[in-house]
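Residue numbers (this note's numbering), protein chains in the order written: chain D, 59 to 222; chain P, 61 to 405.
There may be inaccurate statements among the hints.
Straight-line distance between alpha carbons at most 35 Å, and here's what the computed DSBU-like set of lysine-lysine pairs gives [as the list claims (entries may be wrong)]:
#, chain 1, residue 1, chain 2, residue 2
1, D, K89, P, K188
2, P, K89, P, K140
3, D, K124, D, K100
4, P, K217, P, K265
5, P, K217, P, K293
6, D, K101, P, K107
7, D, K125, P, K107
8, D, K124, P, K188
9, D, K193, P, K188
10, D, K125, P, K86
11, D, K124, P, K140
12, P, K372, P, K265
13, P, K140, D, K122
14, D, K122, P, K188
15, P, K184, D, K85
16, P, K140, D, K100
17, P, K107, D, K124
18, P, K184, D, K100
19, P, K140, D, K101
20, P, K188, D, K125
21, D, K125, P, K89
22, D, K193, D, K125
23, P, K140, D, K89
24, D, K100, P, K293
Simulated from the structure, these hints should not be mistaken for laboratory data.
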Amino acid sequence: MIQKKICILGAAGVGKTSLTAQFVYSKFSEKYMSTMGVKIDKKMLDIDGIQVNLMIWDIHGEEKFKKITTSYLRGAAGMITVIDGTRPETIQTAHEILTRVHTDIGNIPNIFLLNKHDLTDAWDISEQNMAELQKYNNPIYTTSAKTGEHVEQSFHALAQLLIS
Amino acid sequence: MNHLPTTLFQYLANHSIQQLEPAWLKLEKHSDIIIDMGGTWQHYSPKIPQTGQSATTIFDVLLGMLPIHESFELPQVQLKNEQYTDIFAIQDNGCDWLLFCDVTQNTLQLQQYQQVSNDLILLKAQMKQTLHRYIGHEVVARIEQGEMLLDAAGERKNISTLFVDIRGFTPFNERHDAQIVMQTLNDYMNCMLPPIMQHHGMIDKIMGDGVMAVFGVLPSQHHSSLDALQTAKQMIQAVHQLNQQRLNQGLEQLGIGVGIASGEAVLGVLGSHERRTFTAIGRHVNLAARLESNARVGEILIDEATHQALAKPISFTPVTLTLKGIGQTDIFSQTLPCTSNQGKL
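Please model the entire structure based on the sequences and the hints provided.
What follows is the structure, encoded as structure tokens:
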């Protein structure tokens, strides 16, 4: 069995906790509760016959006056950067986080999740936004913590990246 | 701190430490093996650490963090539900330390403020998106920068106003299910709205199958009349393409007619205290509406002011029409292909 720590990062309210809850407990709540500090969950995955115990660090949202402490990322094997597909401005926050992570921790495997894809009418991601993200050469998934769309697949894809 | 008498310092220190319910581990230097421990461990873990054990096996939160290469802090770690702990990793001479402090009370208080702040961020984003959809990104940006006022008194400007509407939509509406009508309308709106944005127009209102747009409010390199005319041509071209697709799918074609007039208008907020809308008011606005209602499928009707501002293009033919509420008016007409010959209304 392999233990891997991954961190979920992104602006406040993008759905980090909801994605984790959907992945770990198959649950979704409409009620928004902002995360303080960090909450840690675990889930065992079978990746090509290898048991991977994923330790998921659900870290509070990045804000103008409350930056994420990069000490949370110590020992992380990978990370998930979450963007709210209805708020393109959260892409800028993702850029800022990644810049800080690259400076403080270095390059670790990352995937982008464009979350809230169930909100089709409010969806506001342009081709230009996508092009900006594609520059990182990291996998990008559109997800919905509400419907579960691509949630399991994206976490599995990251775990796969970590053991390959 | 020098001015604080020892008794008071001691009192404050004890008081603070008591609240934090600290627990600590002394680790072998450059290792995660526990060599000593103390404090209220039952507060932090069901497993009480023992000397000789690996700290990582008890607290998997420390996975990948030990041995301690440099001191660090992990604030507000939720070890149990609704219980928050600050973890300090401290380097020392000959050993390392891990200090756990309970910060639940403080964190839960901060959580209340955080919640309100995050709710406001989400609400603001939602409101901004709604505003963008109703009056466009450029208008919102100008309002935010103070370049434009949403003022009931209004602002006088020379603008061009465009009205467009689907010909024969009322009978189409009567013949089809509301859901098909809605889908058809959305398809046509996708032809009519993007050209307005592209040519720096502002959508004033959408009225069923009709749209009113104003040009000259947002900055543009061209005269408002030229932007309005280019928009009209692009709309007809887009509808023509849509009609070809609909024809191939065996669906009915719909045509549009456009009216454009130019002149002075007052731009401002109209409505009651509870419900308001941003709009343009002026004589030429009514004229543009009348021109649109007289335009046939694929026809663009423009008033004399627009024709003059466009330097009298020869592609337009002069026409005299009697317009309801206005009377006999000299206008100009141009017709572009909008529907194919088969299957139109």
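Q) Which numbered conditions among the earlier hints are violated in the structure presented, ordered from lowest to highest? A) 24
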